[in-house]
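Peer 1: Each protein sequence line maps, in turn, to chains G and P. All letters in the first sequence, in the order written, are residues 1 to 290 by our numbering. All letters in the second sequence, in the order written, are residues 1 to 408 by our numbering.
These are computed hints drawn from the structure, not numbers from a lab. All figures in this text were calculated on a predicted structure; none of them were measured in a lab. Misleading hints may appear alongside valid ones.
[To be verified] Capping the alpha-carbon separation at 20 Å, the derived lysine to aspartate or glutamate pairs in EDC-like fashion look like this:
# : chain 1 : residue 1 : chain 2 : residue 2
1 : P       : K245      : G       : E130
2 : G       : K139      : P       : D167
3 : P       : K36       : P       : E241
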Amino acid sequence: MAGARRYRTAYLFLAPAVLVMLAVVLYPFIYNVAISFSNMSLYHLRDPQFIGLAHYKTIFLETEIWGIFGKTILWTAINVVSHLTLGIGLALLLNQEVRGRAWFRALLILPWAMPQYITALTWKGMFNYEYGAVNLLLKAVHLPAVPWLSNETWAFIAPIIANVWLGFPFMMVVALGALQSIPKEMYEAAQLDGANWWYQFRRITLPMLKPVLGPAAVLGTIWTFNNLNVIWLVTNQGEPADKTHILVTYVYKAAFHYYRYGYAAAFSIVIFLILLSFVVYYMRIQKEEV
Amino acid sequence: MRTYLLPLVLLVLVASCGEGTEKIPEVVIWEFMDPKERVILEESIEAFQATNPGFVVKHTNYPPEQLRTQFLTAAMAGGGPDLVFGPADNAGPFSVAGVIQPIEKLFDNQYLAGFEPLAFDTLDGHIWTLPSQVGNHLCLIYNRALVDEVPGTLREMLDQAETLTVDEDGDGRPDTYGLVFDSKEPFWLVPFLGAYGGRVMNANSEPTLDTQAMVNALAMMKNIRVDRGLMPPGTDIQLAETLFKEGKAAYTINGYWSWGGYLDAGLDFGVTSIPIHDETGLWPAPFVSSRGYSVNANLKGAKLERALETLRYLVSPAVQIRTAHELYVIPSSIEAVKDPAIQSDMRIKAAWEQLRHGKRMPVVPEMRAIWDAMRPAYQNVINGEMTPQEAAKAMQADAIKKIREMKG
């Protein structure tokens, strides 16, 4: 009680933010959970009925969903690994004393600075079979044109390429910041002990990057797992033949094309639980390492 | 300092309560219009406001999907715009959700008699959209520089298109294509389905996709794209329009919305009906629908009256005639249709002719499931991953599943 009185001013300052958070985060979340147990759809917008776990059962019993789940894992893994590899690689290069370093840095951050929507549509145009820049380049080096957006496999690779291009600058900026905070003395001491570049990278650079890149990788995983824009826009809503969906694009279609609000709400909860499990698992590993 | 602050605040409060700052209630329109159509809307609004000083009309443009979702969400919550403009099939989800009002309850019969009867789409016995244009359908468009005369039958036209598909530089890819259209959207499959006597759903809104007519139509699409190679792989609307605009395609199938772009590109083109099918003796039957305004169900009293007054102006013959002149759309107003300039426009006349062969597009919400069931199977046939028979079966099964899921 005394504590409450003591921190009254602090609570008062916090109150508006807490109220806003309750209104824009907690309330929609609880509402989402509630409608996930109902048959709310276009036909039952005004009279939704409680149907228990029916939507959850449907989600786990639909064989199609498991294929989409697999694709989501693949999409996330390829993207995050590529973002990390490219990001760290470029950060290592930019951390060297090279001429025009500031220019390179600005140039490489450019993909990140562009609106995702514009980038995705630009890439879609570049993957056009007849007039796309990618096929024109392939043609210039006497390679056959690739049906980027009409073949199932290529249509999945196309948004991955676009998203790798979009995502590496974030990891690069994070890695560069971390690299610059590593004391130079550590490398000098290692060099005196005869450590080669690879040994220094494994024993100094990577361990020092880990505290920063770990959370960035977790964030990257969540963002990529839930990245609707790129795959939705590049593949034109899951084309060809609805074969390039990941979980979020599938749930978006269920909600806003078919107005299956209850089902989509249940699906969102499942996606939330998947990501929550991932974060909890990551935090546990972190704790064990500490 | 405080002694000066209090009177200042009071002054601001009093001033803001004054008559001079009383806000005129706005009439808000959400629309899905092409940029050129939007310019006409804006100028019409300006003209309306000039002659009706008590009115302020605002409009916001949305892409089609967002328009549906946003309007549904807003209107369900008791808000949303006063009027919503879009294709007539918006009426399906909007009327089922109860977010728009029946038009026949807002306007008397005498007023509605001034519109072409075929411009009205009905659902559950009600008119949900006051049409400002009719048609919104596909026609056959040809490049006069490449096509001297359009053959009389479909088979002859395809044969001609094949001779016009030419690889001039011998790199294995044609430099001129015979017939290009969106090979990804089933909207373009529908005319050919009609040429075999097929429909996508019956009168009870049940899918009728697994039919011999569908198999034949899909086989024809495969013949056009793959066997004859009249268009490049993966041709979508953008590619089809680009090829046609650049004079690299003899024929295209597209709607009035594309004609302005062809004119801007300096193309000399003609518009005609897709020729009759040699074997069935049936005309290809594109979907025909109207576009117009629906009225928010939340509107009442004076606010409703203001919205209806605005609406009367926006669908008036004068506005429709201007729109028809500039965009080649077919007006819904009988008076506008009789306008001599419209009667003498060869392209609009050709679109009328095609419209006569068309079939009304159902406006029920189930159409969403039908389209989405047709699309993947259709694309699979084009990509060679399914036979037409397999695709027809898959479409039917998927449509039934999707409709069942939609209905919950």
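Peer 1: Determine for every hint whether it applies to the structure shown.
Peer 2: Here is how each hint holds up against the structure:
Proposed proximity of K245/P and E130/G is supported: the alpha carbons are some 15 Å apart, at most 20 Å. For the proposed pair K139/G and D167/P, the alpha carbon gap of about 16 Å is at most 20 Å, so the pair holds. Distance restraint check for K36/P and E241/P: the Cα-Cα separation of roughly 17 Å lies within the 20 Å cut-off, and the hinted pair is therefore satisfied.
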